[in-house]
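Hey, can you work out the whole structure from these sequences and the hints?
Sequences listed follow chains A and B, in order.
Letter by letter, the first sequence follows residues 1 to 276 in my numbering.
Letter by letter, the second sequence follows residues 1 to 320 in my numbering.
Just so you know, the hints here were simulated from the structure itself, not pulled from any lab data.
Warning: the hint list may mix true and false statements.
[What the hints assert, rightly or not] Label pairs and their computed distance ranges (CB to CB):
| hint | chain 1 | residue 1 | chain 2 | residue 2 | range |
| --- | --- | --- | --- | --- | --- |
| 1 | A | V15 | B | R65 | 50 to 58 Å |
| 2 | B | I168 | A | L188 | 49 to 57 Å |
| 3 | A | P137 | B | K307 | 52 to 60 Å |
| 4 | B | D71 | A | F194 | 29 to 37 Å |
| 5 | A | Q168 | B | S209 | 29 to 37 Å |
| 6 | A | Y55 | B | M212 | 53 to 61 Å |
| 7 | B | A206 | A | L11 | 17 to 25 Å |
| 8 | B | S209 | A | L76 | 40 to 48 Å |
| 9 | A | E35 | B | D171 | 19 to 27 Å |
| 10 | A | V84 | B | R262 | 20 to 28 Å |
| 11 | B | D169 | A | E35 | 39 to 47 Å |
Computed from a prediction, not measured in an experiment: that's the story for all the values here.
Note that the Cβ used here is the ideal one computed from N, Cα and C, for glycine as well.
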Amino acid sequence: MKGKMGIQHWLGFAVILVWCLLPVVWIISLSFKSEAETTSGSPQFLPKEPTLDNYREILKDSDFTHALINSFGISLIATFLSVVLATLAAYAIARLDFRGKKLVLSLALAIAMFPVVSLVGPLFDMWRTVHLFNTWPGLIIPYMSFTLPLAIWTLAAFFREIPWEMEQAAQVDGATSWQAFRKVIVPLAAPGVFTAAILTFFFAWNEFVLAISLTSTTDARTVPAQMSFFVGPDPFNPPYSQLATASVIVTIPVIVIVLLFQRRIVAGLTSGAVKG
Amino acid sequence: MSTDAAAADAVRTADSPAKRPHKSDRAVAENRLGMKLVAPAVILMLLVTAWPMLQALYLSLFRYRLTQPDDREAVGLQNYLTVLGDSLFWKDLWNTVLIMIVTVAVELVIGFAFAMVMHRIVFGRGVMRTSILIPYGIITVVSAFAWQFAFSLNNGFVNAWFSWLPWIDSDTNWFGDHWHSMFAIMASEIWKTTPFMSLLLLAGLAQVSEDMIEAAKVDGATWWQRLWKVILPNMRSAIMVAVLFRALDAFRIFDNIYVMTRGAQDTESMSFLTYRQVIEQFQLGMGSALSVLLFLMVLILATLIVKLFRVNLAQARGEG
Numbered sequence: 001m002k003g004k005m006g007i008q009h010w011l012g013f014a015v016i017l018v019w020c021l022l023p024v025v026w027i028i029s030l031s032f033k034s035e036a037e038t039t040s041g042s043p044q045f046l047p048k049e050p051t052l053d054n055y056r057e058i059l060k061d062s063d064f065t066h067a068l069i070n071s072f073g074i075s076l077i078a079t080f081l082s083v084v085l086a087t088l089a090a091y092a093i094a095r096l097d098f099r100g101k102k103l104v105l106s107l108a109l110a111i112a113m114f115p116v117v118s119l120v121g122p123l124f125d126m127w128r129t130v131h132l133f134n135t136w137p138g139l140i141i142p143y144m145s146f147t148l149p150l151a152i153w154t155l156a157a158f159f160r161e162i163p164w165e166m167e168q169a170a171q172v173d174g175a176t177s178w179q180a181f182r183k184v185i186v187p188l189a190a191p192g193v194f195t196a197a198i199l200t201f202f203f204a205w206n207e208f209v210l211a212i213s214l215t216s217t218t219d220a221r222t223v224p225a226q227m228s229f230f231v232g233p234d235p236f237n238p239p240y241s242q243l244a245t246a247s248v249i250v251t252i253p254v255i256v257i258v259l260l261f262q263r264r265i266v267a268g269l270t271s272g273a274v275k276g
Numbered sequence: 001m002s003t004d005a006a007a008a009d010a011v012r013t014a015d016s017p018a019k020r021p022h023k024s025d026r027a028v029a030e031n032r033l034g035m036k037l038v039a040p041a042v043i044l045m046l047l048v049t050a051w052p053m054l055q056a057l058y059l060s061l062f063r064y065r066l067t068q069p070d071d072r073e074a075v076g077l078q079n080y081l082t083v084l085g086d087s088l089f090w091k092d093l094w095n096t097v098l099i100m101i102v103t104v105a106v107e108l109v110i111g112f113a114f115a116m117v118m119h120r121i122v123f124g125r126g127v128m129r130t131s132i133l134i135p136y137g138i139i140t141v142v143s144a145f146a147w148q149f150a151f152s153l154n155n156g157f158v159n160a161w162f163s164w165l166p167w168i169d170s171d172t173n174w175f176g177d178h179w180h181s182m183f184a185i186m187a188s189e190i191w192k193t194t195p196f197m198s199l200l201l202l203a204g205l206a207q208v209s210e211d212m213i214e215a216a217k218v219d220g221a222t223w224w225q226r227l228w229k230v231i232l233p234n235m236r237s238a239i240m241v242a243v244l245f246r247a248l249d250a251f252r253i254f255d256n257i258y259v260m261t262r263g264a265q266d267t268e269s270m271s272f273l274t275y276r277q278v279i280e281q282f283q284l285g286m287g288s289a290l291s292v293l294l295f296l297m298v299l300i301l302a303t304l305i306v307k308l309f310r311v312n313l314a315q316a317r318g319e320g
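The following block contains the structure:
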């Protein structure tokens, strides 16, 4: 059984590839169809005359480029801050004995399951009073609190696996405590921190409910929100090729991250998730 | 589940001073440092969830439209009675529950099949991992557009490719009626979230001992028996964690519906209804009542799943 792959496994392999990639290939194909082609109706999978016009157009569209900048800025800042706070918390959870540890983990879990839409009303109201409505911090703050649970759980699981004695061993061998931390602990902890950062970034990059509710102009509107406003007057006949082009552009960072760090992401998603 | 763990915690903290009446200075310092380190994260999480939730609870007792802020009037539980007496609420709740049950069930089956293949595969693991992570990482809005276009009447390939099926022909309008629309929404939801399910199941599968499967094989168990009697029972906690997370996620479905139908053809979900009351109609009082109800339903659902399947999350996440 081990080491050999039967025909059913090759078949399974092929099915999984098609299942996962077909819609992606489809949206890429659509982005190369000319606007004239989609307007007149074009049910075939591949474009008749592939064109780069959609890409040229959309990169000239200042609403879209603004949204792209907002998406990058908001997601990266939220990721950075969330991971910093989560690292502190996860270190305490993995290494220290303190009261309320379980309570913190339970709180994180409860928030991971929280219905985000429930907060739309009150946050809308609150953000308008404190002038956070339609600003970057107005999205960064809720993104941080919704990504903290995942980051804390992932990091705590990673930190528990670190052989912390090595720090003392290095000190016994004559390293200063800063050297011991820098040369021993940081390299061991970095992969976990990095994984948590990727998962956090994915969440912020993907978030939609708050992005459409707490913004009103291109000052803070992110790409998913901007795309949903692209639709035009008739929601059942949207500008297909342009939306497909925007989809492809916003998916590129995801594909790059997945290609570079697939191992880390899988480890992070399943870290200690399923023991016993 | 959180209350459960909190209760356990309360018990523990209640009896720990008895066990350790004289804490050393070191322990006190450690306790203090631990609390300091978690404080920023905890405060931030509470600030954005617990505080607005209390706000919603308060606002839900008023008739309050954002467009007429001076016309605010306390109405007691009237908003709740209005919501619960409205057939739209029950219709949307039914849609939400239906989507949750169907998508989670389908994902369990497909996800498990994927996990089995990935578990056995020897070559091309990297390729497989990469391709399965792409739907996971892709933006839900993009997934919704991709599927909406695939099902589109004028520009989609689904009708052309599957017209050999008796119930599909070249002019099947997927967004023309309730069931076709629901199908399209669920297709997008299932495509996007199956990878998450299959990765959790794969991790569970890796925990099942090969020796046990081999032993069952030697004893003459068929493939089917090995699956049901050996493999599945041994990865129970992985399955339960996957179901819990995905069920709660599916219950909050919003993005796919917003993009694909905007709630047309009676495809509204609970989240969509709440959003529409607050953001589109500025009914903050009524919307808050819906927010509170949605929160309570998620809480009940989580408790129900945990109790029903006895998911031990602490143990499952290696906390035990």
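Results of checking the hints against the structure:
1. Checked against the hint of 50 to 58 Å, the pair V15 of chain A and R65 of chain B passes, with Cβ atoms roughly 52 Å apart.
2. Taking the beta carbon of each, I168 of chain B and L188 of chain A are about 55 Å apart, inside 49 to 57 Å as hinted.
3. Judged by the Cβ atoms, the range 52 to 60 Å given for P137 of chain A and K307 of chain B is violated: they are separated by roughly 39 Å.
4. For the pair D71 of chain B and F194 of chain A, the supplied restraint of 29 to 37 Å is violated, since their beta-carbon distance comes to about 52 Å.
5. As the Cβ distance of Q168 of chain A to S209 of chain B is approximately 35 Å, the hint placing it in 29 to 37 Å holds.
6. A beta carbon spacing of about 54 Å between Y55 of chain A and M212 of chain B agrees with the range 53 to 61 Å that was offered as a hint.
7. About 22 Å separates the C-beta atoms of A206 of chain B and L11 of chain A, a value consistent with the hinted range of 17 to 25 Å.
8. Here the CB-CB span from S209 of chain B to L76 of chain A is close to 43 Å, well matched to the stated 40 to 48 Å.
9. Taking the beta carbon of each, E35 of chain A and D171 of chain B are about 23 Å apart, inside 19 to 27 Å as hinted.
10. One distance hint, 20 to 28 Å for the beta-carbon pair V84 of chain A and R262 of chain B, is violated here, with the actual separation near 38 Å.
11. One distance hint, 39 to 47 Å for the beta-carbon pair D169 of chain B and E35 of chain A, is violated here, with the actual separation near 28 Å.
Comparing the model with each numbered hint stated earlier shows that hints 3, 4, 10, 11 do not hold.
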